[in-house]
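Enquirer: If you want the building blocks of each chain, they are given just below.
Number of protein chains: 2
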Amino acid sequence: MQTPQFAAPVEQLIEYFQRLPGVGRKTAQRFAFHVMSMEEADVTAFAEALVGAKKGVNRCQQCQNFTDSPLCRICNDHGRDHTTICVVSEPADVAAIERAREYKGVYHVLHGVLSPLAHIGPEDLTIRELVMRVGKGDVKEVIMATDPDTTGETTAMYIAGLLKPFGIRVTRLAYGVPVGGHLEFADEVTLLRAIEGRREL
Amino acid sequence: MQTPQFAAPVEQLIEYFQRLPGVGRKTAQRFAFHVMSMEEADVTAFAEALVGAKKGVNRCQQCQNFTDSPLCRICNDHGRDHTTICVVSEPADVAAIERAREYKGVYHVLHGVLSPLAHIGPEDLTIRELVMRVGKGDVKEVIMATDPDTTGETTAMYIAGLLKPFGIRVTRLAYGVPVGGHLEFADEVTLLRAIEGRREL
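Protein sequences, first through last, are from chains A and B. Numbered per numbering that gives the first Met the number 0, the first sequence spans residues 0 to 200. Numbered per numbering that gives the first Met the number 0, the second sequence spans residues 0 to 200.
Treat the hints loosely; a few may be bogus.
Which copy is meant is left open, because identical chains are indistinguishable; a pair holds if it fits in one copy or across any two.
[Claimed, not checked] Within a straight-line C-alpha distance of at most 20 angstroms, the following computed SDA-like cross-link-like pairs (lysine to any residue) qualify:
#1 Lys54 x Thr43
#2 Lys54 x Glu39
#3 Lys103 x Met37
#4 Lys135 x Arg98
#5 Lys54 x Ala7
#6 Lys135 x Ala159
#7 Lys135 x Arg29
#8 Lys139 x Ile167
#9 Lys25 x Lys163
#10 Lys163 x Thr82
#11 Lys54 x Glu14
#12 Lys54 x Ala44
#13 Lys135 x Pro164
#14 Lys139 x Cys74
#15 Lys135 x Ala117
#16 Lys163 x Glu128
#17 Lys139 x Asp80
#18 Lys25 x Asp186
#19 Lys139 x Glu195
It should be emphasised that the hints constitute simulated quantities derived from the structure, not laboratory data.
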């Protein structure tokens with residue numbers, strides 16, 4: 000633990016920047032000094048954007064992705080195949096798959112993965128909402144597209160088990176995505192291959 | 000240029016995060032999603048910290064470092080040697096040198112370096128304020144501690160030229176700091192060696 004080195008308001012800002020994923024003390028300092036070199040109007044707008052993103056955004060009633068309307072843009076799109084649901088752990092994964100421009104179905108965002116060590120159980124994810132969507136009867140296939148690591152695999156297998164009784168296809172992304180990696184950082188081609196080569200669970 | 004993938008308020012926040020130094024689109028996305036998973040009270044406090052750091056902080060009347068009072072903590076400290084001024088380009092450099100716990104003098108923050116390519120001239124830095132401080136007559140030594148890269152060296156040589164007529168010692172940090180590197184990221188021991196081995200300019 001270091002003693003505060005800057006004026007209290009600066010230390011406070013550094014502390015908040017440090018809470019962002021992957022940001023340490025020195026990066027947080029750089030961010031804070033950058034903010035102080037910005038125009039005051041820009042800083043105010045940045046602050047408003049922070050609060051605006053938190054307050055102005057809710058979860059899509061259907062796929063649970065972040066959106067500023069009751070249904071997200073994808074769930075609202077009648078041109079998409081609503082009988083195929085691609086299940087991902089985070090909103091950023093939806094963006095990654097959309098960049099591949101291959102997938103025409105809809106999504107379901109779990110907002111996490113099962114992790115006994117982190118005390119994250121099925122009730123902490125949107126698994127109940129997924130089962131209810133499938134239970135309505137129009138779904139033909141669910142593609143499990145959680146990260147290809149231990150917790151992602153576990154979550155995929157757990158959900159596959161819950162969905163099997165509905166008699167639908169439950170598939171898993173092909174191992175085109177690098178094992179142990181994060182879906183979010185996969186390139187478009189890899190994701191395309193992974194979707195094409197998906198297999199039965 | 001990518002098409003917006005998220006709800007407008009989220010895109011807006013991502014855009015602001017991308018303005019931070021070294022933050023690309025994917026990192027900005029991660030930051031934005033992290034913010035949306037934070038408690039609303041914490042997001043509001045983060046936003047207030049942003050504005051607070053910008054509005055509640057001014058430059059120290061003497062050394063030009065950021066502070067929330069007229070004089071910064073170091074300039075206000077009568078236990079420090081006010082006859083020795085260490086000239087740095089950024090506030091983060093003051094923090095770096097303080098971490099070495101070796102230097103007992105005071106500082107002067109230039110808020111940049113001379114850079115003809117970026118149209119940054121002497122009038123854009125706090126060089127006038129430094130010359131005025133030295134002109135008051137109590138200063139015995141000025142240590143040029145700008146980054147050991149091209150613009151840092153140029154700035155050090157330029158300022159040394161301005162200060163020579165005052166008949167004081169003008170020294171430069173020893174090349175203990177790695178050439179081409181950034182002072183801010185130097186470790187404590189390297190900085191300590193660099194201060195001990197400082198040489199006449």
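Enquirer: Look at each hint and say if it fits the structure.
Expert: Now for the hints, and whether the structure bears them out:
1. Lys54 x Thr43: Classified as both; 16 angstroms inside a copy, 10 angstroms across copies.
2. Lys54 x Glu39: This pair counts as between: shortest inter-copy Cα distance 8 angstroms, intra-copy 23 angstroms.
3. Lys103 x Met37: Neither, since 42 angstroms and 31 angstroms both go past 20 angstroms.
4. Lys135 x Arg98: neither (29 angstroms within a copy, 62 angstroms between copies)
5. Lys54 x Ala7: between (27 angstroms within a copy, 12 angstroms between copies)
6. Lys135 x Ala159: Result: close within a single copy only, 17 angstroms intra versus 78 angstroms inter.
7. Lys135 x Arg29: This pair counts as neither: shortest intra-copy Cα distance 51 angstroms, inter-copy 33 angstroms.
8. Lys139 x Ile167: For Lys139 and Ile167, only the intra-copy Cα distance (5 angstroms) is at most 20 angstroms; the inter-copy one is 83 angstroms.
9. Lys25 x Lys163: neither (49 angstroms within a copy, 35 angstroms between copies)
10. Lys163 x Thr82: Classified as within: same-chain Cα gap 16 angstroms, cross-chain 79 angstroms, threshold 20 angstroms.
11. Lys54 x Glu14: For Lys54 and Glu14, the Cα distance is within 20 angstroms only across copies (17 angstroms; inside one copy 22 angstroms).
12. Lys54 x Ala44: both (15 angstroms within a copy, 14 angstroms between copies)
13. Lys135 x Pro164: So Lys135 and Pro164 pass the 20 angstroms test inside one copy only (13 angstroms; across, 86 angstroms).
14. Lys139 x Cys74: within (16 angstroms within a copy, 71 angstroms between copies)
15. Lys135 x Ala117: neither (32 angstroms within a copy, 61 angstroms between copies)
16. Lys163 x Glu128: within (16 angstroms within a copy, 74 angstroms between copies)
17. Lys139 x Asp80: Answer is within; shortest intra-copy Cα gap is 10 angstroms, inter-copy 77 angstroms.
18. Lys25 x Asp186: Close across copies (12 angstroms), not inside one copy (29 angstroms); limit 20 angstroms.
19. Lys139 x Glu195: The answer is within: 17 angstroms in one copy meets 20 angstroms, while 73 angstroms across copies does not.
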